Every structure is written in structure tokens, then in C-alpha cells.
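Engineer: Sequence:
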Amino acid sequence: RIKLGANVIGSAKKAIEQSVGYANERKQFNCLISQFGAIKHKLAEQVIRTFATESAVYRASKGLDDAINHYVSNGQDKGRDIMEAFNHFAIEAAAMKVFGSETLDYVVDEAVQIHGGMGFSAEMPVDRGYRDSRINRIFEGTNEINRLLLVDAMIKKGAKGVLPITEEAEKAFEEVKQGGEVKHEGLEYFDEKALYISNFKKLILMLIKSASDKFSRTLVQEQEILMNLSDSIMQLYVAESVLLRVTKMQPLKSEDQFRVYQDILDVFVFDTAARLRKYIRDAVYSFAFGDVRDLLEKGIERFTYVAGVNVKEARRRVADLLIDENRYCF
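Residue numbers (the numbering used here): 1 to 330.
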């Protein structure tokens, strides 16, 4: 499943290059379509989602490699080590399969749209990419099954004490009850983003605990809620992966070069806050009532706050670099 998440990145980059190449050639109203704001939005989103997916795949793959090497260094059988490591990273593997395949679906869909009617023709390469992409959401376990497995694996780890879900959720509930202002002002750029990620985690843990308390063993039957949880967990994991990657890139880039990666991070975190707000409210209003609902609503307000971002200009800067280079260069 991690391999599938990695494999789709190459296809996504290829589709992006086909998209920008066509947009830099096609004229409409005596203007290259790559200069239109709507096209720039599509190109930027293709890049941002692909970059984000790649960041998460790098992170999951490195974690898996480190786990395998750790087991091997302890003198265990290598075949058994690999299986143990994959079991340990079952959550990440499922997330990469789902998020990666759906990222590629988005990228190739927009590639066809950018090509217009020509994109629907077998004469253009994006036609093949669009058709080939669809199967990725079905094999290696459908995306729906992987979503359910992801949440199930996480709850089981919490029950076994591998993940401190209950303890951290109780701390988050207590923070919401105490109220008070969340201090965002005066933080350094990466510290502020790390605070947002930390708050997103608190909110998701609150939802997991509340749903588990409500349904206990029958939670497995509440698949709509599990889907909301799964989407929240995946979005958070990928957002944190982008933050970790961009943080490491800062010393390697000049200030001008680094600006576009800040734009990618800004847009993705801003978008993550909006998505989490929807996913979690959908779940909350599916089962919670009274004081529990009120606390979760306060948690949503408290923990999904992010400072405003001019996403239009940020996306345009990402798109402009892609257009100028006429290739994927991120």
C-alpha cells in the first residue's frame, strides 16, 4: 500500500507536466490559458497535493525502513522483521494508499479539464492517465476498506496502550473546559504551524474518545463516522508531513526559493483546518448530544483556528513557478 502511494506520485508529476505544457501552448482570446487565474488555481492545486502526498510517502517510508533496520539489528529473522514493521505501520500504509490514489485522481481529472475537449481524446496522453488512475482506488483494498482499517488499527493501538489516545483526549477535553485564550501571536513561523498541527491532533483525539465512549464495540457498525475519522487522520498526517519536510528544506534554499514552499505549506494547513472542521462536525452531529456535543463544538472552534492566508496569491506564486519552468520543479 505504501508502494502504491509512492507509485502514483510519478504519474501525478507526469500529468502536471502535460497540463502546464499544454497550458503554455494553448491560446484563448489571444492569451495563453496558463495566464488565466482559474487555470493557475488548477495547476497550483495539482502541485500542492502532489507535493503533500510525496512528503507523507517520504515520511512513512523512512519510518518503515528505520523499523526494519531496528528489528534486524536486534538479530531477528529478516522476513519476520519486515512483517512486524509493516504491521507497525499499517495505519500509515492505509493512509498512503487512499490519499495517494485520490490525489492522482484529482490531478489527472484536472489535467483533462485543462486540455478541454482535446483531453477527452485518445490523441492526448492525459486520456490514458485519466483511465488508468481509476483502478488505484479499488485494488490493494478499496479506499473504503482502507479507511475503515486505518481507524480500526488506531483504536486498537489506543486500547493496547501503544498510543495514549485516552490520556491525551482527556487533556484536550480539560483544556476546552478551562477555556482561556489560545496564544498564537508572537510565535515564529514554524512554531505557529506546529501549534496548529498539535491542536488538530487534540480535536481528533477528542472525537475518537467520544465516539468510542458512545458506541464501544458497536463503533465498527458506524461506518459514516469512521469515514469522517479516517479522513481527519489522513489529512492531519499529510499536513504534519508537509510541515516536517518544509522545515528541513529551509536551510537548503535561499529566501526567494523558499517562499514557494512556504506558500505550499500555508495553503495546505489552511485547507486542512477547513476540512477538519467539516469532517469532525459531520461526525459530531451524527452521535453527540447535550454537554458532550457542546464540548466538541467548543473544541472545534478552539482547535481548528488558523490565521488567515491569502490563498489566491499563494497559489499564483506556486503556479507561476511551474509555468515559468514549464515542468514539475518542486
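These are calculated hints, taken from the structure and not from any lab test. What you are looking at is a predicted structure, and each value in this text was computed from that prediction instead of being measured. Note that the Cβ used here is the ideal one computed from N, Cα and C, for glycine as well. Treat the hints loosely; a few may be bogus.
[What the hints assert, rightly or not] So the derived label-pair ranges between C-beta atoms look like this:
1) Gln113 x Asp324: 20 to 28 angstroms
2) Glu185 x Asn87: 40 to 48 angstroms
3) Glu25 x Glu185: 42 to 50 angstroms
4) Met118 x Gln250: 35 to 43 angstroms
5) Glu224 x Asp324: 18 to 26 angstroms
6) Val162 x Met118: 38 to 46 angstroms
7) Asn7 x Lys214: 34 to 42 angstroms
8) Asp291 x Asn87: 34 to 42 angstroms
9) Asn7 x Glu224: 45 to 53 angstroms
10) Val220 x Asp191: 15 to 23 angstroms
11) Gln28 x Asp213: 50 to 58 angstroms
12) Glu181 x Gly116: 47 to 55 angstroms
13) Asp191 x Gln257: 19 to 27 angstroms
14) Lys160 x Glu123: 53 to 61 angstroms
Engineer: Taking the hints in turn, state whether each one holds.
Structural biologist: Hint by hint, here is what the structure shows:
1. About 22 angstroms separates the C-beta atoms of glutamine 113 and aspartate 324, a value consistent with the hinted range of 20 to 28 angstroms.
2. At about 43 angstroms, the beta-carbon gap between glutamate 185 and asparagine 87 stays in the expected band of 40 to 48 angstroms.
3. Between glutamate 25 and glutamate 185 the Cβ separation comes to about 47 angstroms, which falls inside the hinted range of 42 to 50 angstroms.
4. At roughly 40 angstroms, the beta carbons of methionine 118 and glutamine 250 sit within the given window of 35 to 43 angstroms.
5. Checked against the hint of 18 to 26 angstroms, the pair glutamate 224 and aspartate 324 fails, with Cβ atoms roughly 44 angstroms apart.
6. Range check, valine 162 to methionine 118: Cβ separation about 52 angstroms, and the 38 to 46 angstroms hint is violated.
7. Restraint check, asparagine 7 to lysine 214: a C-beta distance of roughly 39 angstroms satisfies the suggested window 34 to 42 angstroms.
8. Checked against the given bound of 34 to 42 angstroms, the beta carbons of aspartate 291 and asparagine 87, roughly 38 angstroms apart, stay inside it.
9. Range check, asparagine 7 to glutamate 224: Cβ separation about 30 angstroms, and the 45 to 53 angstroms hint is violated.
10. Taking 15 to 23 angstroms as the suggested C-beta distance range, the pair valine 220 and aspartate 191 does not conform, at roughly 39 angstroms.
11. Distance hint for glutamine 28 and aspartate 213: a CB-CB separation of about 56 angstroms, consistent with the stated range 50 to 58 angstroms.
12. A hinted range of 47 to 55 angstroms for the beta carbons of glutamate 181 and glycine 116 is consistent with their spacing of about 50 angstroms.
13. Evaluation of the 19 to 27 angstroms hint for aspartate 191 and glutamine 257 yields a pass: the beta carbon distance comes to about 22 angstroms.
14. Restraint check, lysine 160 to glutamate 123: a C-beta distance of roughly 55 angstroms satisfies the suggested window 53 to 61 angstroms.
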